[in-house]
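Peer 1: Take 1 as the starting number for the sequence shown in full-length UniProt numbering and just add one per residue.
In short, the hints are calculated from the structure, not lab data.
There could be a bad hint or two in this list.
Derived CB-CB ranges, DEER-like [what the hints assert, rightly or not]: (1) Gly122 <-> Arg326: 41 to 51 Å; (2) Pro81 <-> Arg313: 20 to 30 Å; (3) Leu289 <-> Pro150: 24 to 34 Å; (4) Gln50 <-> Ala205: 35 to 45 Å; (5) Ile53 <-> Ala109: 13 to 23 Å.
For lysine-lysine, the following DSBU-like pairs were computed, each having C-alpha atoms within a straight-line distance of at most 30 Å [claimed, not checked]: (6) Lys147 <-> Lys116; (7) Lys286 <-> Lys348; (8) Lys12 <-> Lys348; (9) Lys12 <-> Lys116; (10) Lys286 <-> Lys12; (11) Lys286 <-> Lys302.
In this text, all values refer to a predicted model and were calculated from it rather than measured experimentally.
We treat Cβ as the ideally placed atom computed from N, Cα and C, and that holds for glycine.
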Amino acid sequence: MAHEVRAVVSRKQGAPVGVETIVVPDPGPGEALVAVQACGVCHTDLHYRQGGITDEFPFLLGHEAAGVVEAVGADVTEVEPGDFVVLNWRAVCGQCRACRRGRAQYCFATHNATQKMTLTDGTELSPALGIGAFADKTLVAAGQCTKVAPAAEAAVAGLLGCGVMAGLGAAMNTGGVSRGDSVAVIGCGGVGDAAIAGARLAGAATIIAVDVDDRKLQWASEFGATHTVNSRERAPVEAIRELTGGNGADVVIDAVGRPETYRQAFYARDLAGTAVLVGVPTPDMKIELPLLDVFGRGGALKSSWYGDCLPSRDFPMLVDLYLQGRLPLERFVSERIGLDDVEEAFAKMHRGEVLRSVVTL
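Throw the hints in and build the complete structure from the sequences for me.
Peer 2: Right, here's the structure in full:
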């Protein structure tokens, strides 16, 4: 039996989103129906609304979510009805060349639900990142459901579904931050602050936050930054070197994703240091660096896609650390809102007034 539920739909590029009734089918083989309890408002949803990812309108927005499995289709073994889960957009296939080599975090054939959710007139919806969770219920591939400890609040746990995991993973997985390291993070929004929290959790001794907004730098300090640099007032490369004994940081994370910030990350790292790009650039952006500098400075230049996470490994561990009081995930939640408030949440996010607005259902 199909389910008619409320959901946030983007019908046209750049136009305000609206709450509409959509139709969600019962799960088929390999699928799960999830009653959504909370979903964060992420920049990726805004990119969909603006037509910056694909033009496959209408979109069912929302993807940074947690909820309870309501029903599963045939052949589902990962979860069962009643499980509290965080949704992810990396349902690994287990068969591609990455999975066969034991590197499932790089799976090249991640998948989504086969059936389509629709508007009431039958128009098929394109769910954001294959999830579509600004809705009372959503249909996903069962592998997109990661079971975690039910003691965690949904508004907090759901943030691991995208931005917070991207930042934590950029530091802990991609950057390989370890005890005693020096780390610099350029851009202190949700992803950057998560990278700072990850660096602190990994035992970094010096954590330098760089941004143009003093309010964001204050947030960064609350997540564990030991030093802050307002790059409107100080040249960030020189400031990072000064704060690391003239050497540069062991790991520099670019959470902005612009040519100028990537160049800063490249030159602000120590010799043989690591630069990590986790901020998402636009298709038109290009970077030019002297090849001799790339060779002469050594080290590693890495891109971090979803924090190089493996949801089945990382989500339960991070939720447990949160429940132990060792990872302050609750600080990312700036406000709790309803489905009708998503358009205003986009505006607040664009103005830099919040880390995360979270829709609660």
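Peer 1: Look at each hint and say if it fits the structure.
Peer 2: These are the hints, each one checked on the structure:
As the Cβ distance of Gly122 to Arg326 is approximately 48 Å, the hint placing it in 41 to 51 Å holds. For Pro81 and Arg313, the hinted distance range of 20 to 30 Å is satisfied, since their beta carbons lie about 24 Å from each other. Hint check: Leu289 to Pro150, Cβ distance near 48 Å, so the stated range 24 to 34 Å is violated. For the pair Gln50 and Ala205, the supplied restraint of 35 to 45 Å holds, since their beta-carbon distance comes to about 40 Å.
Between Ile53 and Ala109 the C-beta distance comes to about 19 Å, which sits within the given range of 13 to 23 Å. Of the pairs offered as hints, the one joining Lys147 and Lys116 holds, with about 24 Å between alpha carbons and a cut-off of 30 Å not exceeded. Distance check on the hinted pair: Lys286 and Lys348 sit about 29 Å apart at the alpha-carbon level, within 30 Å; holds. A distance of roughly 21 Å separates the Cα atoms of Lys12 and Lys348; the hinted pair therefore holds under the 30 Å criterion.
Between Lys12 and Lys116 the CA atoms are separated by roughly 19 Å; this keeps the pair inside 30 Å, and the hint holds. With a C-alpha separation of about 29 Å, the suggested pair Lys286 and Lys12 falls inside the 30 Å cut-off, and the hint holds. A hinted pair counts as satisfied when its Cα atoms are at most 30 Å apart, and Lys286 with Lys302 qualifies at roughly 16 Å.
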